[in-house]
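Q: Spelled out, the chains give:
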Amino acid sequence: MKYFSKENVLLASVALIVVFVFQQLAGQWAFPDTNWEVRKDDRASLDAGEFFIQKFAASRNNLKQIEIRFADSKIGEGGEIKLQVYNEACSNLIREKSRNVASLGADETYNFAFEKISESQGKIFCLKLAFEPKDPEKKANVYVVSNESRENVSLFDTQKNQALPGQSLSMRPGYQADNWRENIEELNQRISQYKPWFLKHYFLYAITFGFILLSIATVVVLILI
Amino acid sequence: MSKFQSIANFCKKPAFILGLILASFFLKEMFLSALLPIFSGVDEYRHYNTIQYLNEPKEKNWEIKDVPHEKFSRSDFEGNRFSEEILQTGKAMDIETIWSTKASFTNSYVGANENEINSRKWDPYNKIYPPDIVVNAGLYHRLAAYIEKFFTNSSILIRFYAIRTLSIIFGTLAILAAYFLLKNIGFSQKNSLIVSAIISLQPRFSIYITNINYDALLIFIFTLFALGGILFLKQGLNWKNGLLILASFILGMLAKGTSIVLIIPLFALIAFFIFQKIKERKINLKYTATALLMLMIVSGIFFLKYNLGTLALPKNSDPSLAAFLTRSLHRIPATSTDYWGGVSWTRDNFSNEFVGVIWVAEALSIVGIFLYLFSRKKLEFLPEKKYICFFLLLMLALQIGIRFNNWKITAGGSELLYGTPGRYFIPNLTVHMALIFVGIGALVRQKKYLNTLLLTGLVFMFAFSLHIIFNVVIPRFYL
Chain A
1 MKYFSKENVL LASVALIVVF VFQQLAGQWA FPDTNWEVRK DDRASLDAGE
51 FFIQKFAASR NNLKQIEIRF ADSKIGEGGE IKLQVYNEAC SNLIREKSRN
101 VASLGADETY NFAFEKISES QGKIFCLKLA FEPKDPEKKA NVYVVSNESR
151 ENVSLFDTQK NQALPGQSLS MRPGYQADNW RENIEELNQR ISQYKPWFLK
201 HYFLYAITFG FILLSIATVV VLILI
Chain B
226 MSKFQSIANF CKKPAFILGL ILASFFLKEM FLSALLPIFS GVDEYRHYNT
276 IQYLNEPKEK NWEIKDVPHE KFSRSDFEGN RFSEEILQTG KAMDIETIWS
326 TKASFTNSYV GANENEINSR KWDPYNKIYP PDIVVNAGLY HRLAAYIEKF
376 FTNSSILIRF YAIRTLSIIF GTLAILAAYF LLKNIGFSQK NSLIVSAIIS
426 LQPRFSIYIT NINYDALLIF IFTLFALGGI LFLKQGLNWK NGLLILASFI
476 LGMLAKGTSI VLIIPLFALI AFFIFQKIKE RKINLKYTAT ALLMLMIVSG
526 IFFLKYNLGT LALPKNSDPS LAAFLTRSLH RIPATSTDYW GGVSWTRDNF
576 SNEFVGVIWV AEALSIVGIF LYLFSRKKLE FLPEKKYICF FLLLMLALQI
626 GIRFNNWKIT AGGSELLYGT PGRYFIPNLT VHMALIFVGI GALVRQKKYL
676 NTLLLTGLVF MFAFSLHIIF NVVIPRFYL
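Residue numbers (this note's numbering), protein chains in the order written: chain A, 1 to 225; chain B, 226 to 704.
Just chain A, with the same shape it has in the complex (with noise of 0.2 Å):
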């Protein structure tokens, strides 16, 4: 009971949140590959029980995460979207995430993170978007887009039984680096665009690390004093 003290207490809590920050933004480090336009083009509806079947071609190792941008849908009760992710012959199952949803619009796009798929480079994965509601009558709307890149493979309909040459999902591939040195570079590199000198690359780690530490400083010393 010794340990038990308000100051451990805090302390031990500054320290959890710091962990749990931090394992937040680790669960959702993925870099879009933002040659995939998340644009709002053409609707198209996604009975339940249907599919859209997306083939696309990874342009990087670690696969991490697909974002989606869904159409404005009237969904009622809601429903659960389910984003699957399989070898090119659509025929073993590699990853799967699943997303309850009581609205679906189209102002924010929708992430569905996995464990990353270390060896993606070069291959072609199917993916396959379902969306099974509550109430079986209603249906989700996604965004079809035109979709001339290399990446973008096919794009099959199964409601409609028809393939959609040269359109894609509206949607985009988010891919991690090697290791974390490499992640925190690129993201410093994303954030040092456009930027000045003063806040790129060395001074922004600089920044940024002096910011953190001397944060969680503050509020130690304030616990301890």
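The reader is advised that the hints may include incorrect statements.
Unchecked claim - Over the 12 Å line for every Cβ pair with chain A, so calculated as not near, a few chain B residues:
| # | residue |
| --- | --- |
| 1 | Ser231 |
| 2 | Gly244 |
| 3 | Glu288 |
| 4 | Ile289 |
| 5 | Asn409 |
| 6 | Gly411 |
| 7 | Leu458 |
| 8 | Gly482 |
| 9 | Arg506 |
| 10 | Leu517 |
| 11 | Ile522 |
| 12 | Pro544 |
| 13 | Arg572 |
| 14 | Gly626 |
| 15 | Leu668 |
To be verified - Per the computed footprint, the stretches of chain A lying under chain B, defined by three or more beta-carbons under 8 Å from a beta-carbon of chain B, are:
| # | stretch |
| --- | --- |
| 16 | 21–32 |
| 17 | 105–117 |
| 18 | 191–202 |
| 19 | 207–213 |
Rather than coming from a laboratory, the hints here were simulated on the basis of the structure.
Owing to the predicted nature of the structure, the values given are computational and were not obtained by experimental measurement.
Using N, Cα and C, we set each Cβ at its ideal position, and we do this for glycine too.
Using the hints, position chain B against chain A.
A: For chain B alone, kept in the frame of chain A given last:
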């Protein structure tokens, strides 16, 4: 004494801790400034255009295209009436994509069109008139215009982020003023430091203060005014606090029209002073009445010159003020969420849950303040009631001013679609935070419990702040 002991003693010095709070705040804000892309702040492009407009040569010897206001269409960024440099920089960065989703990134530290932006091939002049600038550009814009001019041979990126740094400096000064304010109302040195640190971590304040916006200066000025008022109530009128009150009031008026609301606490302070002097039989009623009349005439001239538009009643009173206020009631939770830093930049980001906890603390503090004001028992560890009344007056004055102004906008035909943004109330953040902890202190009634709750509040705000920066802002723009 061992070396370790002497370091530990040094770390306990209030000046060191205050320095730590200010330094960590400044670095946090610089980091946030780097995270937020150019023109992503509230009306930032308009404020920056105002600054560039102030630096335009008086003799406008470039081709100007006049587009009447009513024929103007602002369907995309390029269609705005901003300087050529702002419009072309926004286009080169694909600013609309950044606003809606994410930028296109390269595999280096330099953006795809960054060198083109740095080549300074576009004029920082408005070529479409009338330009889209802030009405009544004031002190902040003029100070920023000096920075813009000083770095005139540098890239827009350097000029823009240097002006953002000016805002951050004002924010840092506001934290410093907050500390002195809290210390002077009677919080212990330690508690003053803790509340200052909590203020420095408040997410909305932290994000907003990085923007190019005259509110950065306004927040500092409001805190200074409150400090002046507190010193006056504590020490009686002397040249120091008198000057502080007067200077902050005048600077506020020069910075933004919102400062006109300070007239209410200013007159309350004057009334308090006169009341005391009459009570002490130190002044004659006749002289006082003459002085007051002169003061009113001088104030009248001042307001006629600078702020008649702000004071005037709307020509059309539909909806009525009462109807407007009734309609605003259901928007208060949204305003409060925005005020505390609840953001919808990413899905399921839990910021509303954090705000929910703060609402519980606020509700408890309202009860506590009510009990404190109407109880006869004096709690030594809490500020005196006169300070609490002054703070409540400051809160009330800003509420009245903003609601009145919003009513004017609504009655003028422009519907406030998104309600009243919480950022409008940030100038009173220090006062608000002090009231919350006074209220909670009045409920728990013991210093040691208040100390523990203050530290809990600090840890909570630390969590909220880190969460917003690392789990919302970074993923929103970069992941």
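Q: The structure should be examined with respect to each hint, and the outcome stated for every one.
A: Here's how the hints hold up against the structure:
1. Ser231: holds (15 Å)
2. Gly244: violated (10 Å)
3. Glu288: The claim stands: B/Glu288 keeps its Cβ more than 12 Å from every Cβ of chain A (closest is about 28 Å).
4. Ile289: It holds; B/Ile289 is separated from chain A by about 29 Å at its closest Cβ, greater than 12 Å.
5. Asn409: holds (20 Å)
6. Gly411: holds (19 Å)
7. Leu458: holds (28 Å)
8. Gly482: Holds: least Cβ distance 32 Å, greater than 12 Å.
9. Arg506: Non-interface label stands for B/Arg506: nearest chain A Cβ at 47 Å, farther than 12 Å.
10. Leu517: Since the minimum Cβ distance to chain A is about 46 Å, B/Leu517 lies beyond 12 Å and the statement holds.
11. Ile522: holds (49 Å)
12. Pro544: holds (29 Å)
13. Arg572: Check fails; 6 Å does not lie beyond 12 Å.
14. Gly626: Given a closest Cβ separation of 32 Å, the condition holds.
15. Leu668: holds (19 Å)
16. 21–32: Satisfied; 9 residues make the cut.
17. 105–117: holds (count 4)
18. 191–202: holds (count 11)
19. 207–213: holds (count 4)
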